[in-house]
Amino acid sequence: MKIKTNLDKFIMLKYLVTKLFQSIILALGVLLLAFLMIRMTGDPTSLMLSRNASAEERAAFRASMGFDKPLSVQFINWIRNVFRGDFGNSLHFKESALDLVVQRLPATIKLAGIGLLMAVIIGIPLGFWGGLKSGSIPDTIGRLIALMGQSIPNFWLGLILILIFAQRLGWFPVFGNDEPKAVILPAFVLCLPVMGELLRLTRSAVLEVHNEDFVRTAWSKGLYRRTIYINHILTNVFITLISVIGVEFGYMLGGSIYIETVFSWPGMGQLIGQALGWRDYPLIQTIVIFTSIVVILLNLLTDIIYALLDPRIRYAK
Amino acid sequence: MQNKYTITTSDSLLDLQISLWDKIKRIVRLLWRDRIAIFGLLIFMSVVFAAVFAPWLTPYQPLSQNLYASKLPPAWIKGGSWDHPFGTDNLGRDMFSRIIYGARVSLGVSFVGALIAATIGVFLGSLAAFIGGRVDEIIMAPINLVLSLPYLLFVVFIASVLGRSLINVILIFGVTNSPIFARVTRGEVLRIRQSAYVESAISAGAGWLRILIIHILPNLVGPLVTLISFQISAMIFYESGLGFIGLSVPPTIPSWGNMLAEGRRYLTSYPWLTTFPGLAIMYTSLGMNLLGDWIRDISDPRIRRARR
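For the protein sequence lines, the chains are A and B, in the order given. Just remember that this note's numbering sits 200 ahead of the position in the first sequence, which is counted from 1. Just remember that this note's numbering sits 4 ahead of the position in the second sequence, which is counted from 1.
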């Protein structure tokens, strides 16, 4: 587990550099994809202007956005601006798209963070219990929750919960982020699929570890049940879980587009929903790039933690 | 605890020595042993039935409007009647008929989408695994890029650029889901190629074609069918999600997602416009998930879980 010798340090450093390099390549790939996607249908002018714009308006817009230049020139100019932190201006707000996204970031992080916390607090213990006592009543309840998380479209569940708990019972506000308890419904709805996923993973990891030789040895040595559960099983299950939590958080950032639209939550997801209606492609593009880079950074962080915890990872080729 | 997993090799569905009839009997026997899977299969078949026979099952045309009978509640609520069992929407269209027709869009998009994705993905994945080296790297680099992105955001982005049409939605799902098939195929082919039985077949003098047909292809069927069933269930979700934000099929096609988008505006006054399409999505997805779980369990003879 621990990094002691110089060789260990060297291998860890090599691993870090490789991962960092891969992440940079991925980020460049994201930029290329986002650049090409807007140009998929040919001329982005017709995409961003309304249908009844005149020919002069189109020509003026094309010239102002640089769409009349060759594709390679456009790409080089765009990349140069992106590296200076200039992602272009939002067509609707006429301000820097990046600033708008950064303003909305805290609300989304709050929503996804509380959602992830809920998923971890409920999903992991229930999965752990279910794995230890498979077939018991808590196990059945846990698996039912996991199945529901997989099968219920969560934006629809959001609508139904608004109808029952906000509209009819009045326990929660119908929309927005003005009261502290407003976060509960959207965070719960956002976390449900993740909770199911964590529950299933924990359960199967516990079942797997339970059959390992070192756990059987621990039992036959007569160790306390608590020692075995915590020292032998839980630590090993956590290694598996850490590798998915980062990915799941990234999934929640993407999934927030529906939940924030349903709950009128003032974050990035709601912004992209609105931007779609305004055909504000510079803004949409910026949100997609920004979120992708956050996800890539999360994956990098996960890889690093993973390698620190499990030496087999950093010693692999 | 030890007998949670039993090792059964004789039960393999993919054993080539068994006749087709025996295989079918074996599947039926396995299915009968697992009641939950039967439940999933029944749900799935009922949705397929609804989609195929929609014109004969529905009392009204899904698009025919009747403003004199708009916003009627479901039959069991006061004011409703059995003429419109699930009520009518804001334009007086029969909800029951629209739900039944909606199954066509959901199943059509997800099945065709999954098949396109599987075809592209299996081709690329096996190419990468067989040739290896530079080709492997060139094929897998964009695939790994796509797999590390926030999928939903990119699908929304592409769908909004390409515009609303049935063909676009199917193609978007077909192309964007192919990377996962490529990665799974590549991994499975590499794993099988390194296995002891393939090594012994090679040392016994088997040619590459024989190894491909006898050893690799049959072993790919299980993981791929499992992946297809889960992908179908996921695509039913994604399609309805796109419909919900107005980016799936055009509004003239009755799809569950489109119905949710329209019903949402009347959430508090006419809640049935939102409830039924959501229940339909949940029902279909539940069936696909139960079926997928079962396919995963039976197609892996190495660690098939002993049925309690």
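Hints are supplied without guarantee of correctness; some may be wrong.
Claimed, not checked - Examples of chain B residues toward chain A, derived with CB under 8 Å:
no. : residue
1   : Leu157
2   : Val179
3   : Thr180
4   : Tyr201
5   : Ser204
6   : Ala205
7   : Leu264
8   : Arg268
9   : Pro275
To be verified - Across the chosen pairs, the derived CB separations fall in these ranges:
no. : chain 1 : residue 1 : chain 2 : residue 2 : range
10  : A       : Pro380    : B       : Trp80     : 37 to 47 Å
11  : B       : Gly137    : A       : Ile384    : 37 to 47 Å
12  : A       : Tyr424    : B       : Pro222    : 45 to 55 Å
13  : A       : Leu220    : B       : Gly191    : 23 to 33 Å
14  : A       : Trp419    : B       : Trp80     : 52 to 62 Å
15  : A       : Thr218    : B       : Gly137    : 29 to 39 Å
The hints are simulated quantities; they were obtained by calculation from the structure and are not laboratory data. Beta carbons: idealized from backbone N, C-alpha and C, even for Gly.
Evaluation of the provided hints:
Here the hint on leucine 157(B) is kept, as its CB sits about 5 Å from the closest CB of chain A, short of 8 Å. Given hint, valine 179(B) at the interface with chain A, is violated; its Cβ is 12 Å from that chain's nearest Cβ, farther than 8 Å. With its C-beta approaching chain A no nearer than about 11 Å, threonine 180(B) sits outside the 8 Å limit, and its interface hint is violated. Because the closest C-beta pair between tyrosine 201(B) and chain A is about 24 Å apart, greater than 8 Å, the hint is violated.
This hint is violated: serine 204(B) has a C-beta 26 Å from the nearest C-beta of chain A, more than the 8 Å allowed. The beta carbon of alanine 205(B) comes no nearer than 27 Å to any beta carbon in chain A, farther than 8 Å, and the hint placing it at the interface is violated. Hint status for leucine 264(B): holds, given a least beta-carbon distance of 6 Å to chain A, under 8 Å. Given hint, arginine 268(B) at the interface with chain A, holds; its Cβ is 6 Å from that chain's nearest Cβ, closer than 8 Å.
A distance limit of 8 Å between C-beta atoms decides the matter here; for proline 275(B) the minimum to chain A is near 6 Å, and the interface restraint holds. At about 39 Å, the CB distance of proline 380(A) to tryptophan 80(B) agrees with the hint of 37 to 47 Å. For the pair glycine 137(B) and isoleucine 384(A), the supplied restraint of 37 to 47 Å is violated, since their beta-carbon distance comes to about 53 Å. In this structure, tyrosine 424(A) and proline 222(B) meet the distance hint of 45 to 55 Å, their C-beta atoms being roughly 48 Å apart.
For leucine 220(A) and glycine 191(B), the Cβ-Cβ distance of about 25 Å falls inside the hinted range of 23 to 33 Å, so the restraint holds. Taking the beta carbon of each, tryptophan 419(A) and tryptophan 80(B) are about 56 Å apart, inside 52 to 62 Å as hinted. Distance hint check for threonine 218(A) and glycine 137(B): the Cβ-Cβ separation is about 19 Å, which falls outside the suggested range of 29 to 39 Å.
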